[in-house]
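Chemist: Now for the letters of each chain:
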Amino acid sequence: MPIDIRVTINGVSQSFSVDPLLRLSQFLRERLDLTGLKEGCREGECGACTVLLDDKPVNSCLVLAFQVDGRRVETIEGLRTAAAELSPLQRAFVEHGAVQCGYCTPGMIMAAEGLLRENPAPSEKDIRHALAGNLCRCTGFQTIVAAVRSQSRASLDGVA
Amino acid sequence: MAPQAFHPTDIDALQSLIASATCPLCFIAGGSDLLVSPRAPPREGWLIDISRTSGLAFIELRETTLRIGATTSVDAIARSPIIATHFSALGQAAELFGSAQIRNRATIGGNLANASPAGDFLPMLKCARASFRVLGKDGGERWLAFDALVVGAGRTSLASGDLIAEIRIPLVGRLTRGAFVKLGRREALTISRLNLTMEADFDEGSLRFGEIQLIAGAIAPTPTPMVRAADTLRGKALSGSAVRAFVEALRDDVDEAILGRESRRYKRRAVMGLGFDLLEKITGVTGLDAFPGALP
Amino acid sequence: MNYASRRLPLLDGPEKVSGGLRFAADRDIEGQLFAKLLLSPRAHARVLGVDTAFALSAHGVVAIFWSGNTPANRYNSSIWNERQEALEDERMFPGIVRHVGDRVAAVIAESAEAAEHAAKLIVVEYEDLPAAFDEVSALDNSGPTTGLDGAPTYHNPIATLSFAVGDVARGFAEADLIVESRVSTPKTHHCALENHVCTAIPETEGRVVVHSPCQSVFAVQIVVAKALGISTDQVRAVKTPIGGSFGGKAEPILEPLAAFFASRLRRPVTIRYDRGETLLGTRMRSSVIGKIRTAFRADGRILARETETLVDVGAYCTGGDHLPA
Chain A
22 MPIDIRVTIN GVSQSFSVDP LLRLSQFLRE RLDLTGLKEG CREGECGACT VLLDDKPVNS
82 CLVLAFQVDG RRVETIEGLR TAAAELSPLQ RAFVEHGAVQ CGYCTPGMIM AAEGLLRENP
142 APSEKDIRHA LAGNLCRCTG FQTIVAAVRS QSRASLDGVA
Chain B
169 MAPQAFHPTD IDALQSLIAS ATCPLCFIAG GSDLLVSPRA PPREGWLIDI SRTSGLAFIE
229 LRETTLRIGA TTSVDAIARS PIIATHFSAL GQAAELFGSA QIRNRATIGG NLANASPAGD
289 FLPMLKCARA SFRVLGKDGG ERWLAFDALV VGAGRTSLAS GDLIAEIRIP LVGRLTRGAF
349 VKLGRREALT ISRLNLTMEA DFDEGSLRFG EIQLIAGAIA PTPTPMVRAA DTLRGKALSG
409 SAVRAFVEAL RDDVDEAILG RESRRYKRRA VMGLGFDLLE KITGVTGLDA FPGALP
Chain C
874 MNYASRRLPL LDGPEKVSGG LRFAADRDIE GQLFAKLLLS PRAHARVLGV DTAFALSAHG
934 VVAIFWSGNT PANRYNSSIW NERQEALEDE RMFPGIVRHV GDRVAAVIAE SAEAAEHAAK
994 LIVVEYEDLP AAFDEVSALD NSGPTTGLDG APTYHNPIAT LSFAVGDVAR GFAEADLIVE
1054 SRVSTPKTHH CALENHVCTA IPETEGRVVV HSPCQSVFAV QIVVAKALGI STDQVRAVKT
1114 PIGGSFGGKA EPILEPLAAF FASRLRRPVT IRYDRGETLL GTRMRSSVIG KIRTAFRADG
1174 RILARETETL VDVGAYCTGG DHLPA
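Chains as they are written, first to last, in our numbering: chain A, 22 to 181; chain B, 169 to 464; chain C, 874 to 1198.
Since the hints were derived computationally from the structure, they do not count as laboratory data. We put the CB at the ideal spot given by N, CA and C, even for glycine. Check the hints yourself; a few may be wrong.
[To be verified] Among the chain A residues that face chain C by a calculated CB cut under 8 Å, a handful are: (1) R63; (2) R101; (3) T126; (4) C159; (5) G161.
[Claimed, not checked] DEER-style ranges, computed between Cβ atoms: (6) B:R353 / C:I902: 37 to 47 Å; (7) B:D180 / C:L1153: 42 to 52 Å; (8) C:S1010 / B:K305: 52 to 62 Å; (9) C:G1163 / A:A175: 47 to 57 Å; (10) C:A1171 / B:R353: 55 to 65 Å; (11) B:D180 / C:H1062: 30 to 40 Å.
[Stated by the list, open to error] Partial pick of chain C residues on the chain A-facing surface, computed with a CB cut under 7 Å: (12) R879; (13) L883; (14) K889; (15) V890; (16) L894; (17) D899; (18) A1065; (19) E1067; (20) G1116; (21) G1117; (22) G1120; (23) A1123.
Next up, chain A with everything else stripped away, as it sits in the complex (with noise of 0.2 Å):
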């Protein structure tokens, strides 16, 4: 039986009635057509459809939708700044070589900003625990690194 929620999703508070079995990630992807977030394992094993969930980086596809209900998910799709704008994270990633074939890339950005919103100045080693759980397999993680790191109030403010 189809259980009702109320979700906000990237500032948006919408409706739906899902099924119970329904994993948050094929919601957003089939029902919301947010295909950002991608389905590698299904497993929690290598991040690709991280999303923040009340602004915590989570395993999409270990998630039911109906547990989202009353609270608010993000995804990639909703860290643009304005139309056509990327985030400075997001420019960061590009800049730095941290983005190659880009299958990891919308999961390893969520992560990322789920870190910088609770650790503004996250240290190296902060950074790779924090992405611990997401894996790619083109770039060897370093410029990725490089990319958050540029984005950690020490770097911006000069400091670093």
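Assemble chains B and C onto chain A, guided by the hints.
Modeler: Okay, now just chains B and C, sitting in the frame of chain A:
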């Protein structure tokens, strides 16, 4: 086919719901075990989401007990100053648990109910003599000790409709230090192939241990006390020969625990290296392997 | 030089970091059907019967394909050039499965969920056959499956190559010390983040367009044509943005199937593998065992070295026979 889903807002609503059920119940909190493909919740019966039920997630310090609600997230445990002070081994396990995404969803109650031999919270809960408040289907409640709750590999004594609500750790007689170390296939987001939990009294000045409790995980169906190893170090001062005796006793304890299994060849050696890591973590003394006579 | 020593931003960087770039599995094609494959749980078995009656009656199911109703054309999925000679032991759905993960059947349905549900309702009868699981025992294989399902089985070794440079015999004759060591590397999967996926769309007059994250559109065109028994000018191959490959998407695996389903059903058909299917049913890097004999002079100089390796290319030849070269 799909189950009927509920998300009770508080414990009273939850208990009424459970009591009124006439079909099989499945509880879901973080979902980080239940939803791992190819697993999925059952397609019939009731699916009860307790991840937003108030009154089940808390960390409270009372005079003689530390209380943790069953749906407290691993992330909350990792960040808690109360846990860092009074149950350090649990906090360390929480920091090393899964990934950031998993820590934000996984719960201590879920880890317990799953009762995996590699469950990272199990060894220190046993070590700390934790007891568990279980809500029964009939609306009653009971308290269980660790060994009465976790009875085998992936098996608890919980009946259908039972729910772990709270974990309680007695603070009287708590040993002052705790440490947790784990070995997995990679550094992060890894299931323990071997883990060690130690709680002990240790004097920084004399480098002398007092009482020691030591438990290994992932070597047997349930957490296993490392009796010989704890004995070698109890009351002793840290020295090269004491460390060596300790890690060799660890090896002997592991040998006995996993007689006849394929993994024994690896784990009996790996546990020695892990033993060095554990001692460094709990004492704060680094470079133990360079102590004269320390290496086996 | 216009580009040397210049740092240029990735052309599609902005699309990738904003989630705007559509990979194959992100595209919603109007009217598309979804295919769920049934993969073999057996290592080596004859498929005696595939009972699809119950599955066909399931909600949303449009068709079920298996060896009994698909072309028996033989092909080798590793070719990239029409004139290439290759050992052709592959078939869309073989009558004898040769590895856990080999293709047995496919359910085509209106939704991925319907296809997945119906695939569990197919009943297959297998007759287990002897199987070899390591290189050494496989060397003795004289091929009990030869001719049993019309499929060629190539006797091992399927290829050998020997060559020498310089005077090797002299190097060993003059050696003060000869050291022999063993070496082995395991099978590894490329494990790109993007799982294998393919969408085929029928066009007019028997033509079909195939969209997939492939490494070579020519390979797709040629292999699909071979598998379907049509000419290459009836196949159009479009490469979709690729979420990593590292060699794993070099050989068209799903493309012949999707193309056939779409052509037969006259509707777009999409096959999406999940991680388990990608790991079980696509390609691996071959494993190697071997020994190395090295001739040393007393002062440590290497005079000669002899390397002998045995490469396990898996259950099918694919590109394995040109590995030694």
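Chemist: If you take the shortest Cβ to Cβ gap from A:T126 to chain C, is it below 8 Å?
Modeler: 5 Å, holds
Chemist: Hold the hint about C:E1067 up to the distance rule: shortest CB distance to chain A must be less than 7 Å.
Modeler: Hint on C:E1067: holds, closest Cβ of chain A at ~5 Å, below 7 Å.
Chemist: Under 7 Å, Cβ to Cβ, is where C:K889 needs to be relative to chain A, so tell me if that hint holds or is violated.
Modeler: OK, holds: C:K889 within 7 Å of chain A, min 3 Å.
Chemist: Double-check C:L894 for me: the hint is only fine if its C-beta lies closer than 7 Å to a C-beta in chain A.
Modeler: 6 Å, holds
Chemist: Can you verify the interface hint for A:C159: is its Cβ closer than 8 Å to any Cβ in chain C?
Modeler: Interface hint status for A:C159: holds (6 Å vs cutoff 8 Å).
Chemist: Does C:G1120 hold up as a contact with chain A if the rule is Cβ-Cβ below 7 Å?
Modeler: 12 Å, violated
Chemist: Go through the hint on A:R63 and say holds or violated, using the shortest Cβ distance to chain C against 8 Å.
Modeler: 6 Å, holds
Chemist: May I ask you to test the interface hint for A:R101 with respect to chain C, counting a Cβ-Cβ separation under 8 Å as satisfied?
Modeler: 6 Å, holds
Chemist: Could one say that the CB atoms of B:D180 and C:L1153 fall in the range 42 to 52 Å?
Modeler: Roughly 48 Å apart at Cβ, these two residues keep to the hinted range, so it holds.
Chemist: Min Cβ distance, A:G161 to chain C: is it shorter than 8 Å?
Modeler: Since the shortest Cβ distance to chain C is 13 Å, the answer is violated.
Chemist: Does the closest beta carbon of chain A sit nearer than 7 Å to the beta carbon of C:V890?
Modeler: 4 Å, holds
Chemist: Any CB of chain A closer than 7 Å to the CB of C:R879?
Modeler: Nearest chain A Cβ about 13 Å off; hint violated.
Consistency note: the structure conflicts with the earlier hints numbered 5, 10, 11, 12, 22, 23.
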